[in-house]
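Student: Build the full structure now, drawing on both the sequences and the hints.
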Amino acid sequence: MVKFLKRCYVYLIFVFLYMPIVVLMAYSFNDSRSRGVWGGFTLKWYVELFHDRTIMTSLYYTLIIGILASLIATIIGTIAALGIHNSRGWKKKLVMNITYIPVLNPDIVTAISLMILFVFAKVRLGFATLLLAHITFNIPYVILSVLPKLRQLDIHLYEAALDLGATPTQAFWKVIIPEIMPGIVTGMLLAFTLSIDDFVISFFTTGSGVSTLSIKAYSMARQGINPKINALSTIMFVSVLVLLVIINIRQEREQKKGRDRRNGAKRQNESFSL
Amino acid sequence: MKKFSAMTPYLIWMALFIIIPMLLVVYYAFTVTTSEGATWSLANFARFFEPIYLRVLWRSLTLALVSTLICLLLGYPVAMIMAGNAFSRKKVLLVLFVVPMWMNFLLRTYAWLSILERNGLLNVFLTSINLPRLNILYTNTAVILGMVYNFLPFMVLPIYSVLSKIDKGVIEAAGDLGANSVQVFTRVIFPLSLPGVISGITMVFMPALTTFVIPRLLGGGQFTLIGNLIEQQFLVVADWGFGSAISMVMILFILLSMAIMSFFEGEDKEATLW
Chain F
144 MVKFLKRCYV YLIFVFLYMP IVVLMAYSFN DSRSRGVWGG FTLKWYVELF
194 HDRTIMTSLY YTLIIGILAS LIATIIGTIA ALGIHNSRGW KKKLVMNITY
244 IPVLNPDIVT AISLMILFVF AKVRLGFATL LLAHITFNIP YVILSVLPKL
294 RQLDIHLYEA ALDLGATPTQ AFWKVIIPEI MPGIVTGMLL AFTLSIDDFV
344 ISFFTTGSGV STLSIKAYSM ARQGINPKIN ALSTIMFVSV LVLLVIINIR
394 QEREQKKGRD RRNGAKRQNE SFSL
Chain L
1269 MKKFSAMTPY LIWMALFIII PMLLVVYYAF TVTTSEGATW SLANFARFFE
1319 PIYLRVLWRS LTLALVSTLI CLLLGYPVAM IMAGNAFSRK KVLLVLFVVP
1369 MWMNFLLRTY AWLSILERNG LLNVFLTSIN LPRLNILYTN TAVILGMVYN
1419 FLPFMVLPIY SVLSKIDKGV IEAAGDLGAN SVQVFTRVIF PLSLPGVISG
1469 ITMVFMPALT TFVIPRLLGG GQFTLIGNLI EQQFLVVADW GFGSAISMVM
1519 ILFILLSMAI MSFFEGEDKE ATLW
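Chains F and L, in that order, give the protein sequences. Add 143 to the 1-based position in the first sequence for this note's numbering, that's all there is to it. Add 1268 to the 1-based position in the second sequence for this note's numbering, that's all there is to it.
Hints may be right or wrong, so weigh each one.
Pairs of lysine-lysine, DSS-like flavour, derived with a Cα cap of 30 Å [unchecked claim]:
(1) F/K400 x L/K1358
(2) L/K1433 x F/K400
(3) F/K146 x L/K1436
(4) L/K1433 x F/K399
(5) L/K1433 x F/K149
(6) F/K399 x L/K1359
(7) F/K146 x L/K1358
(8) F/K149 x L/K1358
(9) L/K1436 x F/K399
(10) F/K400 x L/K1359
(11) F/K265 x L/K1433
(12) F/K146 x L/K1433
(13) L/K1359 x F/K146
Everything labelled a hint here was simulated from the structure, so no lab data went into it.
Tutor: Here it is in structure tokens:
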């Protein structure tokens, strides 16, 4: 009985968490504009969405910014992670603390500080500032994805490559990079996801004419309900869902592989000792 | 391994886009511009103590505190049930808790519009069972609801992760030594889960305090909170000095909560991001 009540409570919380999302998605297929009424199934809001020039422009900016920001952040972040991994003491601590600043700061503080910087430096707010801001908040997440992989890295592999005649450069590209690749890819996907998901920082660092999907959704939502936003939300939710499922499956598989390898090594050691 | 000075590009980047912007915020917060140029002054902070702004701070703190409290009251039992043995597939439950967070928080907030509005789903439901209509939208209740909805997982997940690590033997021992179930909870389980509670409270309180989207969409913009105040200073009235001063007060709150967190947290540093 107690168990039953406990389960009911958790189910109720799940209803609370999922109901708005389900309602939102359901209304994107509703033929009637008024909320309370179900006017039949339709795809017309999706059709209208794809014919809305300004929404399509913001989709374009969202994707371009997401791709460029995640690529650049991945390059800078991976190199930085290598550096952090090889540093020690107070220097490492300092850099890690700096890395945590944008992760822990409320978005609005990061956003206004970047806005101040751009206006102070007389850079016109627009595409470039939006891109710079996105790269900035993405880099820490790349670093935090790559660092664990570097910690798992077996230093003997690199030494073995050198012993077998590889130059340090070759050993780096042929041994270290492939070993940490899963972390790099995860970091990049995460950066891309965060980038297309961001609203607050984009809102403050962009200028007229350049808006992302979330900025567009915000300005539409301020005027009340619009079924086109529902259609847009459904598409955005499903795409982020797919991306994050991919990231999580990757991480899971990597962890499993790591475990198997460690177990394999242990078994080998045991057979040696026999 | 080869010695990398690989941190340099990253450090330059972070200095440019994190450190300098922060210093600019400090600079603007402590200066006022007069006809002779900028002079150092505490006027921006003094202004914050004017009654209207103190009321904004008070309202933000109350709403954030109430939301945090509701999250704790709703979330702690959920975490406890999930850590207990009412469910066999805990991993699935955990994932189900995280999935709603993958939707853009702007859209999650927007989703409540169609439920709460005058002819929304809630009122359609209420009239169908002959109950009076509720006009929650554009009130404090709606804002609190939006905050609880958006931040509840931030409360449940840290508490769950601490509770699930508690040694079952300790709880059994307390029972063997004659404690009843209430005593086991107040004397053993709750004190042991305190690090999770603290980190949950900070993770809910901070975003609840700084959000400007939730009060704008669900409060209809008639209740100014700290986040809205910062937004207005930068995007509407262009008073950077005052906006920066408010932001610095926010940063102060974060540093404070981080200090509290690290005091309680100890070694368990590798918190997952979702």
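Student: Next step is simple, just say for each hint if it's right about the structure.
Tutor: Hints versus structure:
Annotation: proposed proximity of F/K400 to L/K1358 holds, straight-line Cα distance about 22 Å (limit 30 Å). Distance restraint check for L/K1433 and F/K400: the Cα-Cα separation of roughly 25 Å lies within the 30 Å cut-off, and the hinted pair is therefore satisfied. Of the pairs offered as hints, the one joining F/K146 and L/K1436 holds, with about 18 Å between alpha carbons and a cut-off of 30 Å not exceeded. Proximity of L/K1433 to F/K399 is assessed by CA-CA distance (about 21 Å); at most 30 Å being required, the pair is judged to hold.
Taking the CA atoms of L/K1433 and F/K149, the gap is about 20 Å. The hint holds against a cut of 30 Å. Restraint check for F/K399 and L/K1359: the C-alpha separation of about 16 Å stays at or below 30 Å, so the hint holds. A hinted pair counts as satisfied when its Cα atoms are at most 30 Å apart, and F/K146 with L/K1358 qualifies at roughly 15 Å. Straight-line distance between C-alpha atoms of F/K149 and L/K1358 comes to about 14 Å, which keeps the hinted pair within the 30 Å bound.
Distance hint between L/K1436 and F/K399 is fulfilled; the C-alpha atoms sit about 27 Å from each other, no more than 30 Å. Distance hint between F/K400 and L/K1359 is fulfilled; the C-alpha atoms sit about 19 Å from each other, no more than 30 Å. A distance of roughly 52 Å separates the Cα atoms of F/K265 and L/K1433; the hinted pair therefore is violated under the 30 Å criterion. Proximity of F/K146 to L/K1433 is assessed by CA-CA distance (about 21 Å); at most 30 Å being required, the pair is judged to hold.
At roughly 18 Å between alpha-carbon atoms, L/K1359 and F/K146 fall within 30 Å of each other, so this suggested pair holds.
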